[in-house]
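Visitor: Sequence:
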Amino acid sequence: KNTLRNEEIIDPNDLADEVFVSMSTLKKDIRQIDKMLERFSLKVGISTKKGVHIIGSEANIRYCISEFIFKHNDDIVSEELFSQLHEILLETMKKYDMRLTDIAFKNLIVHIVIILKRSFHERRVDYEEAEIRQLESHMEFAAAKEVLAVIYHKLHIDITDEVYYLTQHLISSKKFLTTNFTDENEEYEFKKEIQAILYRIREDTNVDLSDDTQLINGLAVHLSVAVQRLRFHMNIRNDFLDYMKNNYPF
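Numbering (our numbering), first residue to last: 1 to 250.
Source of the hints: derived by calculation from the structure; they are not laboratory data.
Straight-line alpha carbon distances no greater than 30 Å define the calculated BS3-like cross-link-like pairs of lysine-lysine that follow:
1) K106 - K94
2) K95 - K191
3) K49 - K35
4) K35 - K117
5) K43 - K117
6) K106 - K71
7) K50 - K27
8) K245 - K106
9) K71 - K35
10) K145 - K191
11) K191 - K94
12) K49 - K28
13) K154 - K106
14) K28 - K50
15) K106 - K95
16) K95 - K145
17) K117 - K106
18) K27 - K71
19) K154 - K94
20) K71 - K117
21) K154 - K95
22) K117 - K95
23) K49 - K117
24) K117 - K94
25) K71 - K145
26) K43 - K27
27) K71 - K28
28) K35 - K50
29) K71 - K50
30) K106 - K43
31) K94 - K71
Quick caveat, the model's predicted, so the values are computed rather than measured.
I would like the entire structure built from these sequences, with the hints used as guidance.
Guide: Following this line, the structure appears as structure tokens:
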């Protein structure tokens with residue numbers, strides 16, 4: 001936990017003393033931790049210069065931190081700062097008519113906090129030119145710029161260079177599109193794929209769903225978010241998984 005969240009050098013001998021184990025036991029424990037970190041493509045390193053540290057990309061380190069926070073309900077920020085970020089994000093979401101679930105909204109605040117923590121130590125996520133162009137093409141890019149600009153104005157914290165990281169999380173958090181699906185000339189992402197799916201359903205089952213705007217909206221959002229998460233190797237977490245397991249065990 002401390003290795004992920006802090007940048008201070010952690011001496012392996014001090015760590016062994018802190019958890020009351022020998023160095024040989026600590027090394028065994030680290031091997032077990034490495035297995036837990038495998039799905040994030042991370043591992044624990046030990047060196048004289050860096051001490052105990054995490055090896056891996058900055059994006060994966062952030063995903064690992066967020067997963068730890070969501071699973072353990074870990075508080076990494078004061079209530080005052082959380083409230084300020086809540087207000088800033090809420091105002092921007094209203095302005096851009098972005099509709100999020102309560103869970104998605106809270107998750108976004110957590111990711112902003114992670115940005116604040118990691119940026120303080122000058123840790124940034126790098127993007128390829130193609131990824132930057134793709135992110136800038138979304139409406140969420142403008143919303144992300146505004147959120148970071150307001151944070152700078154109100155909190156005097158400059159994290160404006162994190163606009164692409166916040167944009168990708170805004171895109172992957174959306175739950176509803178404002179597109180007019182009843183207009184055949186209206187364009188939206190994955191329109192051709194969704195039309196092909198509905199056509200195949202009609203051909204195979206004789207059920208026509210082409211006018212079901214709620215279904216089309218759900219498919220459009222799901223595909224957009226799923227592809228976004230896969231593109232950037234983001235965590236795929238189903239917030240309703242425990243509910244479904246408990247209520248629909250079959």
